[in-house]
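Asker: Put together the whole structure using the sequences plus the hints.
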Amino acid sequence: MVGARNAAWATGLLLTALVLLALSPLPVAGEVETRLSSALAPVAGAIRSAVRPASDLLLNTGQISQLSTENADLRRRLAQTEAELATMREERTALDQAAALLSAVGPHASQFTAASVLVRDPAPGRQNVVIDRGRDHGVRAGQPVLGAGGTLVGIVADVDARQSRIRLLTDRDSAIAVLIQSSRTPAALAGDGRALSLEFVPIEAAIATGEVVLTSALGGLLPPGLLVGRVSAVESRGSDLFQRVSVDPLANLDRVEQVLVMTGFQPGALLPGEATTP
-13 MVGARNAAWA
-3 TGLLLTALVL
7 LALSPLPVAG
17 EVETRLSSAL
27 APVAGAIRSA
37 VRPASDLLLN
47 TGQISQLSTE
57 NADLRRRLAQ
67 TEAELATMRE
77 ERTALDQAAA
87 LLSAVGPHAS
97 QFTAASVLVR
107 DPAPGRQNVV
117 IDRGRDHGVR
127 AGQPVLGAGG
137 TLVGIVADVD
147 ARQSRIRLLT
157 DRDSAIAVLI
167 QSSRTPAALA
177 GDGRALSLEF
187 VPIEAAIATG
197 EVVLTSALGG
207 LLPPGLLVGR
217 VSAVESRGSD
227 LFQRVSVDPL
237 ANLDRVEQVL
247 VMTGFQPGAL
257 LPGEATTP
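Using the numbering used here, you'd call the opening residue of the sequence shown number -13 and step up by one each time.
Hint data in this document are derived by calculation from the structure and do not stem from the laboratory. One or more of the hints may lead you astray.
Cβ-Cβ distance ranges computed for the label pairs, FRET-style [said to hold, decoys possible]:
| no. | residue 1 | residue 2 | range |
| --- | --- | --- | --- |
| 1 | F228 | E70 | 55 to 63 Å |
| 2 | S222 | R148 | 42 to 50 Å |
| 3 | G124 | E243 | 19 to 27 Å |
| 4 | A69 | Q49 | 26 to 34 Å |
| 5 | S54 | D146 | 26 to 34 Å |
| 6 | A203 | T67 | 50 to 58 Å |
| 7 | D118 | G179 | 18 to 26 Å |
| 8 | G205 | R63 | 57 to 65 Å |
Keep in mind it's a predicted model, so treat the numbers as computed, not measured. From the three backbone atoms N, C-alpha and C, an ideal C-beta is built for every residue, glycine too.
Answerer: Right, dumping it as structure tokens:
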């Protein structure tokens, strides 16, 4: 309705302008033009006021589009910066954890290679992780892998050129030779996919909860004295030949992120004092 009224006023102004143009040769044209201009000035102002919002919108459309484009570009740059900061934060965390691991092994740090966990095997009962170090970095199958505090978390199972698979202690296929520190009782530490237990512990062995479990050098498959876990429960019956001993790992195997591979150890190598058979 308002648009139609404005159009009518504009048409009237146009006709008036044509009339003034036609009368311009006459002597009275100047006076007529002056009077008509004074009379139509309010109408012209009203039309300009009505049309101004539309004209301003048309003029600002390009600016709004440019601002929208710049805003989208700023959001993209902000998201990219946040992603870069998160990556730098993770890298710094990994470096700090690796430094703490190397500090835990002290003067023997040169025998270890720090590595980051890339992925964990999601299969039930399988407790395996893949690390970012492999054959090119001196990693070999059978080498022990340590976590926080220099505690054993697993053994290198498979090696590629630049990656390796680590079998954690709780894996159902894991079994290593250990001994109980206080009594020096030998045993086999086995995983069942969730927990650890000692096998072949004689029924007469005096085992108490809280005792420390260490790796054994039996067979030369592992270096002796690595921290493994603590005895958490002991169960024995008169008819059994062996005790049932549960062990809690000293390392948090569910949250392994950085590890040390003992690349200075060669599984099966001769231990000090051993000699070859002629």
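Asker: Can you let me know if the beta-carbon spacing of D118 and G179 is within 18 to 26 Å?
Answerer: Once the Cβ atoms are compared, 25 Å apart, the range 18 to 26 Å for G179 and D118 holds.
Asker: A69 and Q49, beta-carbon distance inside 26 to 34 Å?
Answerer: holds (31 Å)
Asker: Verify the CB-CB distance for S222 and R148 against the hinted window 42 to 50 Å.
Answerer: About 48 Å separates the Cβ atoms of S222 and R148, which means 42 to 50 Å holds.
Asker: Should the hint that G205 and R63 are 57 to 65 Å apart at their CB atoms be regarded as holding?
Answerer: holds (59 Å)
Asker: Please test the hint of 55 to 63 Å on the beta carbon pair from F228 and E70.
Answerer: holds (56 Å)
Asker: For the hint 19 to 27 Å, verify it against the beta carbon of G124 and that of E243.
Answerer: holds (21 Å)
Asker: At the C-beta level, are A203 and T67 separated by a distance inside 50 to 58 Å?
Answerer: holds (52 Å)
Asker: Is 26 to 34 Å respected by the C-beta to C-beta distance linking S54 and D146?
Answerer: violated (49 Å)
In summary, the one numbered hint that this structure violates is 5.
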